[in-house]
Amino acid sequence: MATELVLELPNDPRQIERAVDSVLECCSACQGHGRKIRLNLRVSLTEALSNAMLYGNGRDPEKRVRVAVVVREWEIEARITDQGVGFNPRRIPDPTAPDNLDKSRGRGLFLMRELMDEVYFNEQGNEVTLILRLRPDGKARGTGGVSV
Amino acid sequence: MGFVVDTVGDVVVVEVEGQLIVGNRQELKQKVLERLERGDREFMIDFQNTGYIDSSGLGVLVSLSKKIREQGGTLRLANLNGDLRTLFELTKLDTLFEIIDSR
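So the sequences go chain by chain: A and B.
Everything in the first sequence is counted per this note's numbering, starting at 1 for the first residue and increasing by one.
Everything in the second sequence is counted per this note's numbering, starting at 1 for the first residue and increasing by one.
Hints in this document: simulated from the structure, not taken from any laboratory.
A portion of the hints provided could be inaccurate.
Stated by the list, open to error - Derived pair list, reagent style DSBU-like, types lysine-lysine, alpha-carbon separation capped at 30 Å:
(1) K92(B) x K67(B)
(2) K66(B) x K29(B)
(3) K67(B) x K31(B)
(4) K103(A) x K92(B)
(5) K66(B) x K31(B)
(6) K103(A) x K31(B)
(7) K67(B) x K103(A)
(8) K92(B) x K63(A)
(9) K66(B) x K92(B)
(10) K67(B) x K29(B)
(11) K92(B) x K36(A)
(12) K31(B) x K36(A)
(13) K63(A) x K103(A)
(14) K29(B) x K92(B)
(15) K103(A) x K66(B)
(16) K92(B) x K31(B)
(17) K36(A) x K103(A)
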């Protein structure tokens, strides 16, 4: 059985914390995965929402961000969609390279990739899907997007 | 959620209450730069009461560290909990900062 949650958010970064809290509440049945939820999911979701509002939607207060979450027994899937033109995630530099360490770009996407089991974008680059597996044998469902 | 600035000896100590995120990072930057412009050179940011730092917060710490070093000063980070320390290790920022267990 799956639990689903859909949020339509105004493009206001002050909404991020409350939205993330709502998603975490939706995952309250995932007992035994406290740190994965508290750290991995919380950080990745926050970064995805921040990227969507600041870069995807370009801080435009007229735009919105959609969050669709499905909590299954074996995985959590979160899809974040903005109304921007999209971007190419492959062009984001590695923020941990020695020359990039004191720069600000790319750290959010890097954290998502490190903390989630799967991160992929749609072709346009305005929708990111985050998969967190709750079981070692949990199978993620890909939809043919661009894995990064 | 906010910042408490105190001076202990020659060290400016900034306590981060709650979170250091995109919504309040500029406030931290402003508070530290004000003290840097007034001549302070030793800074410590205390995360004892901090639940979360996002990538924008990490970015502002990097930026402040650079500005303080350019002025011949030092920035140390104290009391990072396990989750926060993990974020610094993943991003390799633990190699950029002096991180201490307590004040």
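Does the structure keep K36(A) and K103(A) at a Cα separation of 30 Å or less?
holds, 28 Å
Holds or violated: are the alpha carbons of K63(A) and K103(A) at most 30 Å from each other?
holds, 28 Å
Is the hinted pair K66(B) and K92(B) satisfied, with a Cα-Cα distance of at most 30 Å?
holds, 16 Å
Pair hint outcome, K92(B) versus K36(A) [Cα-Cα no greater than 30 Å]
Judged against 30 Å, a Cα distance of about 20 Å means the pair holds.
So if I understand the rule, the pair passes when the alpha-carbon distance is 30 Å or less; does K92(B) with K67(B) pass?
holds, 19 Å
Pair hint outcome, K92(B) versus K31(B) [Cα-Cα no greater than 30 Å]:
Holds, at roughly 26 Å.
Would the hint linking K67(B) and K29(B) be met if the CA-CA limit is 30 Å?
Given pair K67(B), K29(B) holds - Cα atoms ~10 Å apart, limit 30 Å.
What's the verdict on K103(A) and K66(B), does the C-alpha distance respect the 30 Å limit or exceed it?
holds, 10 Å
Take a quick look at whether K29(B) and K92(B) sit within 30 Å of each other, Cα to Cα.
holds, 21 Å
Does the structure keep K31(B) and K36(A) at a Cα separation of 30 Å or less?
Since the Cα atoms of K31(B) and K36(A) sit roughly 34 Å apart, the hinted pair is violated (cutoff 30 Å).
Quick one, are K66(B) and K29(B) close enough, alpha carbons at most 30 Å?
holds, 12 Å
Is K103(A) within 30 Å of K31(B), Cα to Cα?
holds, 21 Å
The structure is inconsistent with the numbered hints 8 and 12, although it conforms to all the rest.
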